[in-house]
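There are 2 protein chains.
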Amino acid sequence: MLTLSQGDLTEFIDELNMLKDQLRFREKVEVPTGIENIVIAGMGGSGIAGKIFSELYSRKPVCLADDYYLPDFVSKSTLVVAISYSGNTEETLSMVRDAVKLNAHTVTISSGGELADHGDQHIRIPRSDIQPRSATGWMLLPLLYGFNATNYNEVKEAYGLVEALDKDNTECRSHAKAIEKGEHIPVIYGASPFKSIAYRWKTQFNENAKTLAYSNSFPELNHNDTMALAKTYRKGSFYFLVFGSQSKKIAKRIDVTAKITDSKFNIISPKGHSAVSKLFYLLHYGDYVTYHLGLLRDVDPTDISLIEKLKKSMKQA
Amino acid sequence: MLTLSQGDLTEFIDELNMLKDQLRFREKVEVPTGIENIVIAGMGGSGIAGKIFSELYSRKPVCLADDYYLPDFVSKSTLVVAISYSGNTEETLSMVRDAVKLNAHTVTISSGGELADHGDQHIRIPRSDIQPRSATGWMLLPLLYGFNATNYNEVKEAYGLVEALDKDNTECRSHAKAIEKGEHIPVIYGASPFKSIAYRWKTQFNENAKTLAYSNSFPELNHNDTMALAKTYRKGSFYFLVFGSQSKKIAKRIDVTAKITDSKFNIISPKGHSAVSKLFYLLHYGDYVTYHLGLLRDVDPTDISLIEKLKKSMKQA
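From first to last, the protein sequence lines stand for chains A and B. Numbering-wise (this note's numbering), the first sequence opens with residue 1 and increments by one. Numbering-wise (this note's numbering), the second sequence opens with residue 1 and increments by one.
Derived by calculation from the structure, the hints in this document are not laboratory data. There could be a bad hint or two in this list.
The list makes no distinction among identical chains, and a pair is therefore deemed to hold if it is satisfied within one copy or across any two copies.
Unchecked claim - Straight-line Cα separation of at most 25 angstroms, DSS-like style, residue types lysine-lysine; simulated pairs: (1) 311 - 231; (2) 249 - 315; (3) 60 - 101; (4) 156 - 312; (5) 309 - 177; (6) 309 - 76; (7) 252 - 271; (8) 177 - 264; (9) 235 - 264; (10) 181 - 20; (11) 311 - 156; (12) 312 - 259; (13) 181 - 101; (14) 181 - 156; (15) 177 - 60; (16) 76 - 60; (17) 311 - 177; (18) 252 - 167; (19) 271 - 249; (20) 248 - 271; (21) 259 - 20; (22) 311 - 249; (23) 28 - 249.
These numbers come from a predicted model, not from an experiment.
Put together the whole structure using the sequences plus the hints.
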């Protein structure tokens, strides 16, 4: 069994604090003229950047690829952006090799690894020694800037919100304490344009706190989860974290869903004005909830030995 | 509290048996020349057809829309297929009205309702008196035929497999009994091209058996769930249903994941030769697991009063 050394904790707080610095990153994806569609290839902590981007940008079709293969439509009119923090993710490398064969315009984002050898453009992440999921700023901003989906002012606002959370995250810790007290399974409900952030929280619960967790989104969940909430097995076992919404329709759906299913929704209201600042606020809020839960559970948030074990087994296959 | 009348049960078995007949449906989406991309708009039980289709067809970009709004790229070069069983789903109607305004080529699929008044082409589902989620064949086949993603021979094989499950689904019932015995939360793991079927099972557990349930897919889950499986809260509370895969890499991932996380995976091996027959087999297998669980829990699989309640509240907003 793992026990935490003080070293591990200090190290991970350093990683969380690093998001702020990432918001100063000014690299951008160069989008050639004549591009008809976009594929973002990436897995896990490196795939989340594409998921977030695809919710904020839809002026061209954006398809996400999180498997070994690219979609069939990929051609020289496609921009394939392949993201892998290490640069050595098996699935992502398989996809980028295909992209090159298909003459797609290819951009790679990594801190090194084999991925750095591919791509019409390569964006180098300046540090290679942290967890991929702690490097979201470096992986996301080049997409947002490249497609004019944000600007420096919005990112500056995000900086302030992220910095404030670094200084005071007691509210995040309260949620973690409530989850630990009840040994609850976290369920995170988001809504556009933050559905991907709900999924991000789920993955952070998995990796930082080592517990299963699930995400879903309004209004789609009103067509499935809603039917289960009132009578589900183990009703008391879940802890609902729900992002507040400025959309009147979605806000109404949240209220009514909680009421008719007799569920306690813990509402997290995003701070900030722009969608981009709100998204970084929510993202970082989730970083802290899951980090604190990891501490309370006495698991090491940086331990991903099982993933390493799996990767090793896959190579022996 | 609800108690089941024999009438409800008989009715729902009739619905499940109706999938077979739906496989004789020969309507197809007409795809105009010059179409550059496709948007499938639909929610819940009517949205699943698009999700399944997008895994089997990728010769053009297919984007799914399950909210009030269409993506920004929609233009006259876009084919928007809007699916709502009732034809009156609030979100889908909002999207199809926008599609018409944007001069997109529009196909609507419904059993009537307001949706039937829209669309350059309308495909009429022949019955309007069953649950949307029991009408997947009618909603999916026109997409598959329209884009040449299947043929009559494959669907004929599917027919045989679906019919066999209608006659003997004791294996499905065994899973339901094990879930009920342990009051387990079902977790369904799929892999390409059946990731959407894993999600379909989740939604069927929600609606038919009234319990929360969650789905995820290989290889992506190896980057998140895997880290949680060994140490999660309430480890004994979950029941894992995992689709077997013919891909050696995915099969290896399934084996290794179960082993290193000390998890019991109940493997469901798809029958059939083509992807399309396998998908209908897996889909229908899940119909029966969730139906039996509904019976064992003494809930009414056809009761969706909470969704109706919500819809009513939304209209009053």
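Here is what the structure says about each hint:
1. 311 - 231: between (39 angstroms within a copy, 19 angstroms between copies)
2. 249 - 315: between (49 angstroms within a copy, 10 angstroms between copies)
3. 60 - 101: Classified as both; 23 angstroms inside a copy, 18 angstroms across copies.
4. 156 - 312: neither (41 angstroms within a copy, 42 angstroms between copies)
5. 309 - 177: neither (31 angstroms within a copy, 34 angstroms between copies)
6. 309 - 76: neither (37 angstroms within a copy, 50 angstroms between copies)
7. 252 - 271: within (20 angstroms within a copy, 44 angstroms between copies)
8. 177 - 264: within (16 angstroms within a copy, 30 angstroms between copies)
9. 235 - 264: Close inside one copy (11 angstroms) and across copies (23 angstroms); limit 25 angstroms.
10. 181 - 20: neither (31 angstroms within a copy, 49 angstroms between copies)
11. 311 - 156: Neither: 38 angstroms inside a chain and 40 angstroms across chains, both beyond 25 angstroms.
12. 312 - 259: For residue 312 and residue 259, only the inter-copy Cα distance (14 angstroms) is at most 25 angstroms; the intra-copy one is 48 angstroms.
13. 181 - 101: Neither. Shortest intra-copy (53 angstroms) and inter-copy (52 angstroms) distances fail the 25 angstroms Cα cut-off.
14. 181 - 156: neither (37 angstroms within a copy, 54 angstroms between copies)
15. 177 - 60: Neither. Shortest intra-copy (43 angstroms) and inter-copy (47 angstroms) distances fail the 25 angstroms Cα cut-off.
16. 76 - 60: both (15 angstroms within a copy, 13 angstroms between copies)
17. 311 - 177: For residue 311 and residue 177, neither the intra-copy (33 angstroms) nor the inter-copy (35 angstroms) Cα distance is at most 25 angstroms.
18. 252 - 167: This pair counts as neither: shortest intra-copy Cα distance 33 angstroms, inter-copy 44 angstroms.
19. 271 - 249: within (20 angstroms within a copy, 43 angstroms between copies)
20. 248 - 271: Intra 17 angstroms, inter 46 angstroms, cutoff 25 angstroms: intra-copy only.
21. 259 - 20: So residue 259 and residue 20 fail the 25 angstroms test inside a copy (38 angstroms) and across (39 angstroms) alike.
22. 311 - 249: between (44 angstroms within a copy, 11 angstroms between copies)
23. 28 - 249: neither (35 angstroms within a copy, 34 angstroms between copies)
Hints 4, 5, 6, 10, 11, 13, 14, 15, 17, 18, 21, 23 from the list above are not met by this structure, while the remaining hints are.
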